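Visitor: Sequence:
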Amino acid sequence: MGVTTMKLSHLLSLILAKTPLTVQVPEEQDAQLDTPEGLFSIDVHHAIGDIVADACLSAGLSVRGSAAFGEFVAELMTGWSTRYGNETDILTLDASFGRAAYGSPTQVIRLYLLPNWDALNEHIDAVQRGVAAAFEDAKLL
1 MGVTTMKLSH LLSLILAKTP LTVQVPEEQD AQLDTPEGLF SIDVHHAIGD IVADACLSAG
61 LSVRGSAAFG EFVAELMTGW STRYGNETDI LTLDASFGRA AYGSPTQVIR LYLLPNWDAL
121 NEHIDAVQRG VAAAFEDAKL L
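For the sequence shown, the positions run 1 to 141 when the working numbering is used.
Please note that the accuracy of each hint is not assured.
Claimed, not checked - Capping the alpha-carbon separation at 20 Å, the derived lysine to aspartate or glutamate pairs in EDC-like fashion look like this:
#1 Lys-139 to Asp-94
#2 Lys-139 to Asp-34
#3 Lys-18 to Asp-94
#4 Lys-18 to Asp-125
#5 Lys-7 to Asp-94
#6 Lys-7 to Asp-50
Source of the hints: derived by calculation from the structure; they are not laboratory data. These numbers come from a predicted model, not from an experiment.
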């Protein structure tokens, strides 16, 4: 029997592990996710986007880069599209992610589609590489 539940804060720490970001998830937003499908929530999307964008601002990224990376991570996890008019920036970060994670700018993953939390183990190295590459490109925005 493997991982049966995941806190949002732990999941964010896992996927951001190869970036210099430290995220602070407020207790009221630190959802206990029984399955990856629990990520498919607009409220979770907004929380992730804001939390990651705040961490990026604290790390010195521009407002544009911070918003883009926050939305990129939120979309990667939840499947919901950006809530801002920065789709071009998100597509740029998606391409960076795909190249680093899977060797193709059109390859992506959406974590909410994983069948269970144990399935994350087979993707985590690629996800971490891809997220780190997207972060590096977000610093240029």
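Visitor: Work down the list of hints and note, for each, if the structure agrees.
Guide: Verification of the hints:
1. A C-alpha spacing of about 14 Å is found between Lys-139 and Asp-94, which places the hinted pair at or below 20 Å, so the restraint holds.
2. For the hint linking Lys-139 to Asp-34, the alpha-carbon distance of about 33 Å lies beyond 20 Å, and the restraint is violated.
3. Only pairs whose Cα atoms come within 20 Å are accepted, and Lys-18 paired with Asp-94 is accepted, the gap being roughly 17 Å.
4. Our distance criterion of 20 Å between C-alpha atoms is met by Lys-18 and Asp-125, whose separation comes to about 10 Å.
5. Restraint check for Lys-7 and Asp-94: not satisfied, since their Cα atoms lie roughly 24 Å apart, outside the 20 Å limit.
6. Only pairs whose Cα atoms come within 20 Å are accepted, and Lys-7 paired with Asp-50 is accepted, the gap being roughly 17 Å.
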